Amino acid sequence: MSAAPGVPPNPVPPNPVPPSAPPTPAVGTRSKSWTVKLRERGVRELPPERLLPDGQPTYVASWIYVFGVASIASLIVIIGSGMILALKGPAWWHETGVGHFFNSIHLWSVEMFFFAMVVHLWGKYWMAAWRGGRARVWITGAIVFLVAVPCALTGYVSQQNFDSQWIATQAKDAMNSVGVGAFFNLTNFGQMYSYHILLLPIAVVLLVILHVLLVRRNGVVPPIEIDERLAAMRAGSADGRRVENPDTDGPGALAGPAGDQS
Amino acid sequence: MSVLATAVFNLYHPAHTVDWEFIHLSVANVVVIGLMLIVFFLAILLPFPGAARRAAARRGGGPS
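One line per chain: the protein sequences are W and C, in this order. If you're matching positions, the first sequence starts at 184 in this note's numbering and goes up one per residue. If you're matching positions, the second sequence starts at 38 in this note's numbering and goes up one per residue.
Derived from the structure by calculation, the hints contain no laboratory data. Misleading hints may appear alongside valid ones.
Residues on chain W that point at chain C, a partial pick, calculated with CB under 8 Å [as the list claims (entries may be wrong)]:
#, residue
1, Thr241
2, Ala244
3, Ile247
4, Val302
5, Trp305
6, Gly306
7, Tyr376
8, Ser377
These numbers were taken from a predicted model, which means no experiment stands behind them. Glycine included, every Cβ here is placed at the ideal spot set by N, Cα and C.
Use the sequences and the hints to build the structure in full.
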């Protein structure tokens, strides 16, 4: 299309900002960019010093607070050994010495994962870890446990041996009895393998990340007696001293690195 | 047979189980549950290394 007679063609508009100049933020207006909104919300909800703290309350220096991070350590070994098994295949993990070794590493890291997760769950249950607005921390942890169970089950039926066939034919009756057998067929190896190495691990890892971020956002749950003492001190009835910040003033004051934060 | 010869325990038999009313558990699972209970109580009772030093440092106002 040509320009009308007498009207000069549209010139290329000059660039008022040299390419090397930094972008100028709009003054008095909020950016509508989703990246900016996401960044601002992320920093607001989880400031860097809270996301990656350099100290924990003294009450975290207890063995019962160790099992959350023990679960995560086991999960890392599970993912690593599982990736190697997936790359090498069933003939390798059944018929070679190194394959047996990694097969065993995978199995025993799963055993450790559930062992640590159950002790972690017991510890958090008996200290009522949903206190202080931590309901979502508790809920995501419980969902991780529930999702990890079928993740392990699909692993048992993906072994490619008589054991997996036995487990599949036994467990299919349980699935059929609760009405999920139509889309969760334990005798369908391809489907079980996909669940085991892709869908369910992704779900577990994402839920664990969400769980840890929520722990960081809400802080580690204090023991019940410290919570009660803090409440009393806040009310000024303990010794007359008001506590403004329980992280620095109360009985759970920050005291340097102290192990797990979960 | 070679696998059996190298196994620490003889696995060539049906699993031993514990039966109590409707509860039906393999001995292996009972052992794991027992270990989890032992570890749980030990985690509550045993002191954490350095916990007393940190608490003392905090009370004294020194570095932790």
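These are the hints, each one checked on the structure:
1. Against a cut-off of 8 Å between C-beta atoms, the interface hint on Thr241 of chain W holds, since the closest Cβ of chain C lies about 6 Å away.
2. With its C-beta approaching chain C no nearer than about 4 Å, Ala244 of chain W sits inside the 8 Å limit, and its interface hint holds.
3. Taking 8 Å as the C-beta cut-off, the interface hint given for Ile247 of chain W holds, the closest approach to chain C being about 5 Å.
4. Nearest Cβ of chain C to the Cβ of Val302 of chain W: about 5 Å, under the 8 Å cut. The hint holds.
5. A least Cβ separation of about 5 Å between Trp305 of chain W and chain C falls short of the 8 Å threshold, and the interface hint therefore holds.
6. The closest approach between the C-beta of Gly306 of chain W and any C-beta of chain C is roughly 7 Å, which is under the 8 Å cut-off, so the hint is satisfied.
7. Nearest Cβ of chain C to the Cβ of Tyr376 of chain W: about 24 Å, over the 8 Å cut. The hint is violated.
8. Annotation: Ser377 of chain W was flagged as interfacial toward chain C, and the flag is violated, the nearest CB pair being 28 Å apart, outside 8 Å.
Of the numbered hints given earlier, the model fails hints 7, 8; all others are met.
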